[in-house]
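Spelled out from the first residue to the last, the chains are:
Number of protein chains: 2
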Amino acid sequence: MSGFADFDAFVRTREREYIDELKVLIRQPTISAQGIGIPETARIILDRTKKRGGIAAEALTVDGGPPTIVGETGRGERTLLIYNHYDVQPPDPLDEWETPPFEPTERDGYLYGRGVSDNKGNLMARLQAIEAYRATIGELPLRIRVLYEGEEESGSAHLAAFVARHGERLRADGCIWEAGYKDAAGRPTISCGLKGIAYLELRVRGANKDAHSSLATIVPNPAWRLVWALATMKSESDEITIDGFMDAVRQPTTAERALLERLPFDEQGMLRIHGIKRFVRGLEGYELRKKHFFEPTCTICGIVSGYTGAGSKTVLPAVASAKIDFRLVPDLTPDKVTTLLRAHLDRRGFEDVEVVPGHGEPPSRWPTDSVTAKAAVDACQSAYGTAPVVYPLLAGSGPMAQVCDTLGIPVAGFGSGNAASANHAPNENIAIADYVDHIRAFGRFLHAFAGRALA
Amino acid sequence: MSGFADFDAFVRTREREYIDELKVLIRQPTISAQGIGIPETARIILDRTKKRGGIAAEALTVDGGPPTIVGETGRGERTLLIYNHYDVQPPDPLDEWETPPFEPTERDGYLYGRGVSDNKGNLMARLQAIEAYRATIGELPLRIRVLYEGEEESGSAHLAAFVARHGERLRADGCIWEAGYKDAAGRPTISCGLKGIAYLELRVRGANKDAHSSLATIVPNPAWRLVWALATMKSESDEITIDGFMDAVRQPTTAERALLERLPFDEQGMLRIHGIKRFVRGLEGYELRKKHFFEPTCTICGIVSGYTGAGSKTVLPAVASAKIDFRLVPDLTPDKVTTLLRAHLDRRGFEDVEVVPGHGEPPSRWPTDSVTAKAAVDACQSAYGTAPVVYPLLAGSGPMAQVCDTLGIPVAGFGSGNAASANHAPNENIAIADYVDHIRAFGRFLHAFAGRALA
Numbered sequence: 163m164s165g166f167a168d169f170d171a172f173v174r175t176r177e178r179e180y181i182d183e184l185k186v187l188i189r190q191p192t193i194s195a196q197g198i199g200i201p202e203t204a205r206i207i208l209d210r211t212k213k214r215g216g217i218a219a220e221a222l223t224v225d226g227g228p229p230t231i232v233g234e235t236g237r238g239e240r241t242l243l244i245y246n247h248y249d250v251q252p253p254d255p256l257d258e259w260e261t262p263p264f265e266p267t268e269r270d271g272y273l274y275g276r277g278v279s280d281n282k283g284n285l286m287a288r289l290q291a292i293e294a295y296r297a298t299i300g301e302l303p304l305r306i307r308v309l310y311e312g313e314e315e316s317g318s319a320h321l322a323a324f325v326a327r328h329g330e331r332l333r334a335d336g337c338i339w340e341a342g343y344k345d346a347a348g349r350p351t352i353s354c355g356l357k358g359i360a361y362l363e364l365r366v367r368g369a370n371k372d373a374h375s376s377l378a379t380i381v382p383n384p385a386w387r388l389v390w391a392l393a394t395m396k397s398e399s400d401e402i403t404i405d406g407f408m409d410a411v412r413q414p415t416t417a418e419r420a421l422l423e424r425l426p427f428d429e430q431g432m433l434r435i436h437g438i439k440r441f442v443r444g445l446e447g448y449e450l451r452k453k454h455f456f457e458p459t460c461t462i463c464g465i466v467s468g469y470t471g472a473g474s475k476t477v478l479p480a481v482a483s484a485k486i487d488f489r490l491v492p493d494l495t496p497d498k499v500t501t502l503l504r505a506h507l508d509r510r511g512f513e514d515v516e517v518v519p520g521h522g523e524p525p526s527r528w529p530t531d532s533v534t535a536k537a538a539v540d541a542c543q544s545a546y547g548t549a550p551v552v553y554p555l556l557a558g559s560g561p562m563a564q565v566c567d568t569l570g571i572p573v574a575g576f577g578s579g580n581a582a583s584a585n586h587a588p589n590e591n592i593a594i595a596d597y598v599d600h601i602r603a604f605g606r607f608l609h610a611f612a613g614r615a616l617a
Numbered sequence: 163m164s165g166f167a168d169f170d171a172f173v174r175t176r177e178r179e180y181i182d183e184l185k186v187l188i189r190q191p192t193i194s195a196q197g198i199g200i201p202e203t204a205r206i207i208l209d210r211t212k213k214r215g216g217i218a219a220e221a222l223t224v225d226g227g228p229p230t231i232v233g234e235t236g237r238g239e240r241t242l243l244i245y246n247h248y249d250v251q252p253p254d255p256l257d258e259w260e261t262p263p264f265e266p267t268e269r270d271g272y273l274y275g276r277g278v279s280d281n282k283g284n285l286m287a288r289l290q291a292i293e294a295y296r297a298t299i300g301e302l303p304l305r306i307r308v309l310y311e312g313e314e315e316s317g318s319a320h321l322a323a324f325v326a327r328h329g330e331r332l333r334a335d336g337c338i339w340e341a342g343y344k345d346a347a348g349r350p351t352i353s354c355g356l357k358g359i360a361y362l363e364l365r366v367r368g369a370n371k372d373a374h375s376s377l378a379t380i381v382p383n384p385a386w387r388l389v390w391a392l393a394t395m396k397s398e399s400d401e402i403t404i405d406g407f408m409d410a411v412r413q414p415t416t417a418e419r420a421l422l423e424r425l426p427f428d429e430q431g432m433l434r435i436h437g438i439k440r441f442v443r444g445l446e447g448y449e450l451r452k453k454h455f456f457e458p459t460c461t462i463c464g465i466v467s468g469y470t471g472a473g474s475k476t477v478l479p480a481v482a483s484a485k486i487d488f489r490l491v492p493d494l495t496p497d498k499v500t501t502l503l504r505a506h507l508d509r510r511g512f513e514d515v516e517v518v519p520g521h522g523e524p525p526s527r528w529p530t531d532s533v534t535a536k537a538a539v540d541a542c543q544s545a546y547g548t549a550p551v552v553y554p555l556l557a558g559s560g561p562m563a564q565v566c567d568t569l570g571i572p573v574a575g576f577g578s579g580n581a582a583s584a585n586h587a588p589n590e591n592i593a594i595a596d597y598v599d600h601i602r603a604f605g606r607f608l609h610a611f612a613g614r615a616l617a
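Taken in sequence, the protein lines are chains F and B.
Its first residue numbered 163, the first sequence is counted upward by one per residue in this note's numbering.
Its first residue numbered 163, the second sequence is counted upward by one per residue in this note's numbering.
Do not take every clue at face value.
Treat identical chains as interchangeable: a pair holds within one or across any two.
[Claimed, not checked] Derived DSBU-like pairs (lysine-lysine); straight-line CA-CA distance at most 30 Å:
#1 Lys-498 / Lys-453
#2 Lys-475 / Lys-371
#3 Lys-475 / Lys-536
#4 Lys-439 / Lys-212
#5 Lys-213 / Lys-498
#6 Lys-371 / Lys-213
#7 Lys-452 / Lys-536
Everything labelled a hint here was simulated from the structure, so no lab data went into it.
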């Protein structure tokens, strides 16, 4: 580890400067869902990437999408792709922020602001790690490619086209995905994939307008139709019962099962945090972890029909709808889900239940013993002085498959977040110590991924 | 019928005066749900009942309830109870009224205003009929008792206590209920009962707050719990499957079946009005009418959970709820429904689904060949020159059982409404001709109910 003593000292000396640099980026709102600050932020990032980062970079667009920044630096046998996004979630609800979302604020060792965790912090920390590597260790022993997207938080609508057009500039032997988090027990974690997502809406129409509920004897009720249709999709024991759906689920490999066996998972902490007495199906241990990491979901995110105000109204609703979110594992894809669900409903006489597809991403799952994952484990072990927890994937979703599955690049993700970073929520935060540690770990990762020994 | 020529002439002469008298009553808002105008209206009604009506009446209250007006006049072998209510529904949504709800307005032969149909119009028409009877035919050949309630539109919370305290002043051989309507084909109708109602809310809690939907693998979702619970309550073929529920449904008698066989029911008109292709279960004819008049309902009036706005939000909801309205036929009661449902849910492991009882009324169904019903049929035949349609009951609900079942008084209802009277809705209306005809029919009814021949 002696090789990184200078690196660590360099980073600690510049800690204040690095945090200030991140604060500048946080002060610039970049809300892709609302079209706020996209070109402005792209300019800041491009400038930082080229000038201090020493990365030959440019901002490209496809089909009227936002600027996507790609760049390249260093030379070596291996090529690493770094994926980050520079856009952030909308800051609403504003009145729940203790300090304004776009005024980065330090409190008790934490930095608060929209995007500090998701994902401007990691983007900046990794640029700073490259800089520190060059300053203390020397020339990069690998080729680094960067991909900074500007619309991840609103669905990455142009990313697939971008990869199709510019894939050659993204090819690599490994990819570091946007983020990673310390778990509730403070352990660093690494994840090697993401679940996919298929978000869709079910809609049912009954009469042409709400009717008096005394007519419920004879006039069909779309709320009941929706309930009956939903009840065919998932059983009371939480098993997804859409025809053919579970057949598409790839079972964990022997290696993945072994990983799951030893995966730390703070069950009591999760029960406490969510205020529940038991998990779904009363599961625990291996079976709970297997369900969480290797099984898909079918979630009612929202359902509404008829009168939902205070008191009572004797109404027979004219419309009913539900928003459904499927989290996907291999080999489920959004298209497959929509097709299976349509056939499933039709087969049961629910032709009247309309299926309206929304946002979709396929899943992306990579071996936990890839060159990327192994280098990440070594880097975290060295930087944190403890073995990281390796997750087969994060249960969340993102456009990983559009990049890594398309180009065949094994993934690992680790970063500066914590278990209460509040991504997408008010008071998003990172610990300043975790930010510094991510720079320290990322410098080591570059070294390890290039095949150099860390100790 | 010659005996009623003078009566009819008298009513036609006073038509303008009678309508103006009704307008005065409409101009006085009486919104029991909002505590508006109750004592003011009670004073107007009491004054009208005593002074011009010649009815010995008084306003009584029980347990802090609104004034309930009871009165008595006439002598004879039979006693008739007239039930009306003087309160009205709130007029919202105000901007959908073509003329203000409390400014009674005549347009194209119709009178518009809140309460013209439900129920101030019938209340006033019947007082005017009694007056016309005395003026043209002579002394009343029966004893008439009146009961004018002031909180029917907000649940009749004090009526049961009133009947318990003052039941002796309400005893009668027959009761005329508040209302009746011409059907869509313009035929006068009579109904001999009401369905009851049990309105309740189902509530389920999951985690202590909304969670990220990626946790749906392991954190229970109250929206799914609610859907599964609901799906056990009614089958896809619209059969109520709550244990023991349908066992409590009294089957139609031979007489009722015969009535149903010949009951006119404009199926094509109903399909058109509601913009639907088929009725529930694809029913038609006798089976459709039987379901409508003799079967209970279990209706989702409202359901809500999670995110219901535009676009998508990947949320795992913390709470879910549904408002359920049961329309009851004998021998179902609100208490029985709540008890059966609780046991049904518990038996299936849905102890987490809370059942919160709301407004309830037992059903009330009376023979269609009672003395009351027969006199109503004769009166309508005479006044309208056509045989009325006799419904076993109205599919709506009201506090009929609290009065008539408690005291054992057979019911009939007929009145001045039409198929588009828009009770409880904007632009409530009656045809002025129907109003006059109700006075004409009601005068005849008094005669027939007292055992006098009409022809």
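Structure-inconsistent hints, enumerated in ascending order: 3, 4, 5, 6
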